[in-house]
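Given next are the chains, with one letter for each unit.
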Amino acid sequence: MGLSNEELAYLEKSLGRKASNVELSMVSAQWSEHCSYKSSKKYIKTLPKRGKYVLEGNYDTTMLDVGGGYVLTIHIESHNHPSAVEPYGGAATGVGGVVRDILSSGAKPIALLNALRFSDMRDAHAKWLFKNVVRGIADYGNCIGIPTVGGEVEFDTSFTGYCLVDVSCIGLCKRSELLKNRIDEGDYVILAGGSTGKDGIHGASFASKALISDDRSAVQIPDPFMEKLIIDATLEAIKHGYIKSMKDLGGGGLACALSETADKFGKGIDVMLDKVYLREEMSAEEIIISESQERMLYIIDKNSLEGFVSILKKYEIPYAIIGIVREHKNLKIYYDGIIADIPASLVANAPLINRKARARIVINDTLKPSEPENIKDIILQLLEDPTIASKRWIYEQYDHEVGLRTVIKPGLRDASILRLYEGKFLAVKLDGNSKHCYLDPYHGSQGCFSEACRNIVSVGAEPIGMIDHLQFGNPENEYTYQAFIDAINGIADYSRIMDIPCVGGKVSFYNESKHGEIKPSPVIGVIGLLDNVNRASIKDNDRIIITGITKDELGGSEYYEYIHNISAGNVPKVDIQLDKMLFPTIQKIVNSGLVNYVHDCSKGGLAIAISEMCILNDIGAEVDIKSIKNECNRLDDILFSESHSRFVIAVSNNNLPKVKELLSSLPYSIIGRFYDKDTVSFDDINIGLEEARYAYDSITRVMDHG
Amino acid sequence: MRIGIIIFPGSNCDKDVYYVLKDIMHLDVSLIWHTKEDLKGYDAIILPGGFAYGDRLRAGVIAAFSPVMRSIKMLAMDKVPILGVCNGFQILVEAGLLPGALIKNQSLKFVCRWCNIIVENNKTPFTHGLKLKQELRIPVANQEGRYYADNIKDMIKRGQIVFRYKDNPTGALDDIAGVCNEDYNVVGMMPHPERASSCILSPFNSDDGLLIFKSLLSYLEMRRWV
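Those sequence lines, one after another, are chains A and B.
Residue numbers for the first sequence follow the numbering used here, beginning at 1018 and rising by one.
Residue numbers for the second sequence follow the numbering used here, beginning at 5 and rising by one.
Just to be clear, a hint being listed does not mean it is correct.
Have a look at the derived ranges for each label pair, beta carbon to beta carbon [what the hints assert, rightly or not]:
| # | chain 1 | residue 1 | chain 2 | residue 2 | range |
| --- | --- | --- | --- | --- | --- |
| 1 | A | D1394 | B | S222 | 25 to 31 Å |
| 2 | B | D171 | A | E1707 | 16 to 22 Å |
| 3 | B | T39 | A | P1368 | 50 to 56 Å |
The following residues of chain A were derived to be distant from chain B, with all beta-carbon distances above 10 Å [as the list claims (entries may be wrong)]:
| # | residue |
| --- | --- |
| 4 | Y1205 |
| 5 | E1303 |
| 6 | L1429 |
| 7 | K1605 |
In case anyone wonders, no lab produced these hints; they're calculated from the structure.
Given the structure is predicted, the values throughout are model-derived calculations rather than measurements.
All C-beta atoms in this analysis are idealised placements derived from N, C-alpha and C, irrespective of residue type, glycine included.
Model the full structure from these sequences, guided by the hints.
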């Protein structure tokens, strides 16, 4: 099975005997990289976790106090291996898993987001994956009635034969209804939801090595209707105060849920494995590690049992009492006699691995493409680049309205905005940039963090927390492991200086297929709070301001990668001190209503940022290139550089003096104006609004008609 | 007056409709689990959107056999106003309370989008406060929302077309977004009025959806005095 010789020796030494087959199955599932974080724990601990809004106390997940008597939590999960084999079911069950995660914390899931990565869309296999991943997410999320409000997609050939499917869920709960989160001797352990079958056997181990074979038995089967019943029943039970603690069954199945629950509370559990209701004939080992979906484990005391069971019956959810909480701190598993008797803490805490790391030779050769003749064509090609183009084809398949919270819908602004309660809103965005992170994991991941923050700030919100999903290739590869460490350091440094704590995260290694490793792909999510939503749009004759300085740092830019196929050069570096001063100022400018629109300048650079603003606001623009503060020698560098700390702002002439005053101590330039014409102009480069719009809608054309 | 919102296993817009009727319009409204057999005392019934029974077999087909549907059929005969939104519309069609069928969208995809719909019959309880040909901005969100009926000409003659899309998102026959029965008291519509009932949730700062619920309110008030 999955254990190394050292791990097996450690297990037997701790037990003082040989492990039984069932014990071995449990341990190898729970000690897989996927469940145990044995290669990453040491480094994840360096991320700052405390902050102004973070609730102190012993919670399973980080809870943020968002006022009004409410607390909020956010999770992120990936389902990469399963999605690469069976994109529809893999992506759908990814949604189901993260939703049950949120539910386990006692919160109501109120919104979903996703970050996806595929190979070039000209690759038919990538297109197939893309189409079915989106359909899987849509069918599952829509059916369970949780809006999918935002996301992020990147296309890069390092994902050939593979894909990344990250799903994030936000949960909201009344502070007064937070779970008791304690368990006592004699409490019942109830398994409820779908039946246990052979799907997803060894799923956690499957996700903890390279994807070489298409092992379909390791992929789970989605049942969103059962999930919806579980959500409704669980929320009803929480309202009645019936649930003491709960845990969803995900990677590692019962082995993981039972051992982590027992270990967390320092208790033991007597498990009657024969009580688990099955879909098909299975061995004890298979039952304990099956990853069949839509199952939850609840800890209920004697007094609440009747009430709790009546709710399950109302929703016609199958259930079984499969265990009793004991003081002995072991998992004692009975199945025609005792078949396992092992300390929960031993199962739940894999020995950590000290891996070797080695810095890679930096690829920053100064090779530059020859200066292009036709900049206009390049702008149109970049608008067509699926990484940049409109994601309408995707988000229109997601119900993003259900729940009556979605104030700013996907595709309209840099971040989506949700109504938390009367007078309080949440802005949320996921960002990633595998191209930058490949060339420079430290600055690349820091850049993703900064970009996600800019998206939050540009709608006027204050960033209050960050989640990270760190996705890499094989950690046994010293270079890959070093890239992981660099990325964590980049994120931790930014988090510390900006005072934005890490409120959730996940690590996923072994993202490699027979085509090789993926590029390092941290995905960063940032959430922010705001009291008012500024809905203004760009008006005729609004002036254009850009903050920050445009620098000659085009390594990993869409311009180099998508247009010139160059994967080299210096990636943009974040000026953290500048961000620290700039963000509160931009927030103030947006919230005071002084500006009509703010847009983050990132993938594709300034030329794309301005074009996007024009397309979305149905307005033209003229930009005077020489007035852009820059450290570049070439026109293409200025237009397509992805330097950080840049916001593009539309402001009326009337408000211009006030905005200039607020920005006075910061780098900015006034570079042109928007106007009621149907052209976007950079000096004498003129792009028709209609041709820009056509290019920008490329994904719909390729997917529906191509 | 009392308005009932039916919850089937898998409904997911029940609380949204409840919010609009209760928190915005301050009406006497209750959520009713689908196993309830007696609906005496309700002046209007709303079947909300969602995925009753996970849309298994076909959207709405299993819910149409829920215990509560027997009473709903009785109420329909008694001319009690009944509105089905999205999945509720699909259920009413499957239960035979409305004509036609809702089939897979022409794109074969789920579509969530704000649409403009036009009022074609303003004599139903849910539209009588609206002007004929009035345009409303209300979003759709469905995968089996493409209306189809064999006897469309007769339906048009009898005034059974209640709403038409200005920009048909599903490929529905004759741009049909909503229909009613021959007595006009049972209405089904694919767009979600509850999602268009507060300005803050609308990209157009509109609350046109509220007009449909306000129509119901004034209809019920009027009827009380008749």
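Here's how the hints hold up against the structure:
For A:D1394 paired with B:S222, a C-beta distance near 59 Å fails the hint of 25 to 31 Å. Checking the proposed 16 to 22 Å range against B:D171 and A:E1707 shows it holds: the Cβ atoms sit about 19 Å from each other. At roughly 52 Å, the beta carbons of B:T39 and A:P1368 sit within the given window of 50 to 56 Å. For A:Y1205, the non-interface assignment is confirmed: its Cβ lies about 25 Å from the closest Cβ of chain B, beyond the 10 Å cut-off.
The non-interface label for A:E1303 is consistent with chain B: the shortest C-beta to C-beta separation is roughly 27 Å, beyond 10 Å. Not every CB of chain B is more than 10 Å from the CB of A:L1429 (nearest about 7 Å), against its label as outside the interface. Distance check for A:K1605 against chain B: the nearest CB is about 22 Å away, which clears 10 Å, and the non-interface claim stands.
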